[in-house]
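Residue numbers (numbering that gives the first Met the number 0), protein chains in the order written: chain S, 0 to 97; chain E, 0 to 89.
If you're looking for bench data, these hints aren't it; they were derived computationally from the structure. Remember, predicted model here, so these are calculated numbers, not experimental data. Each hint should be verified, as a subset may be incorrect.
[Claimed, not checked] Simulated DEER-style distance windows between Cβ atoms: (1) E:52 - S:75: 47 to 53 angstroms; (2) S:70 - E:43: 44 to 50 angstroms; (3) E:43 - S:47: 18 to 24 angstroms; (4) S:12 - E:17: 14 to 20 angstroms; (5) S:27 - E:60: 21 to 27 angstroms; (6) S:10 - E:18: 34 to 40 angstroms; (7) E:52 - S:40: 23 to 29 angstroms; (8) S:85 - E:53: 54 to 60 angstroms; (9) E:67 - S:80: 35 to 41 angstroms; (10) E:2 - S:40: 35 to 41 angstroms.
All residues carry an ideal CB built from backbone N, CA and C; glycine is no exception.
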Amino acid sequence: MSFLFGQRPQPSSAEKIAAAEAEIEMVSNMFNQLVDTCTKKCIPPQYREADLNKGESVCLDRCVAKFFEVNVKVSEKMQGEAAQKGGAGGAGGGMFGQ
Amino acid sequence: MDSLTPAEQRELNSRMERKQMKEFMTMYSKLVQRCFDHCVNDFTTKSLISREESCVMRCVDKYMRSNERVGERFQEQNAAMMQAGSMAGR
Numbered sequence: 000m001s002f003l004f005g006q007r008p009q010p011s012s013a014e015k016i017a018a019a020e021a022e023i024e025m026v027s028n029m030f031n032q033l034v035d036t037c038t039k040k041c042i043p044p045q046y047r048e049a050d051l052n053k054g055e056s057v058c059l060d061r062c063v064a065k066f067f068e069v070n071v072k073v074s075e076k077m078q079g080e081a082a083q084k085g086g087a088g089g090a091g092g093g094m095f096g097q
Numbered sequence: 000m001d002s003l004t005p006a007e008q009r010e011l012n013s014r015m016e017r018k019q020m021k022e023f024m025t026m027y028s029k030l031v032q033r034c035f036d037h038c039v040n041d042f043t044t045k046s047l048i049s050r051e052e053s054c055v056m057r058c059v060d061k062y063m064r065s066n067e068r069v070g071e072r073f074q075e076q077n078a079a080m081m082q083a084g085s086m087a088g089r
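Take these sequences, add in the hints, and give me the full structure.
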């Protein structure tokens, strides 16, 4: 408990851990989504061989890149729409503003 | 994000360990489901025929390798995104 007036109250231990956990959870969920969708799109269900062939490898690489791009674009668009609705000048537009 | 004390870091680490265990179990059951769905379609016999068995083996290998590859690309993209974010934030 801080007795110094004017200072922002320090987040408690539990809050800090929860915030860190939530951030990790978010990244981890995105990764799982990514794995699911890209294996579905790129790995056909035939399994003729154990190794990834060139086509599958390239497909996976591109799938990941495009997934991130979609993530960014959706985020930008939604931030844009929120800013519009809020009537504010859309200051900055967050991390991905141009 | 405020930095964590060593004690808090330990707590976070043990939660992450539990989470990783859970994720591994989820991946495992997804893998069994996937390989069974794709490889096993012949129910004229009670045990796996050799074709099905080798298909399952290849399926597991392939899945693990693609998981690995996606992980690598993910880390690269994530790192690039973090960098872009920290530069744009100025």
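- Determine which of the earlier numbered hints do not hold for this structure and return their numbers in increasing order. 6
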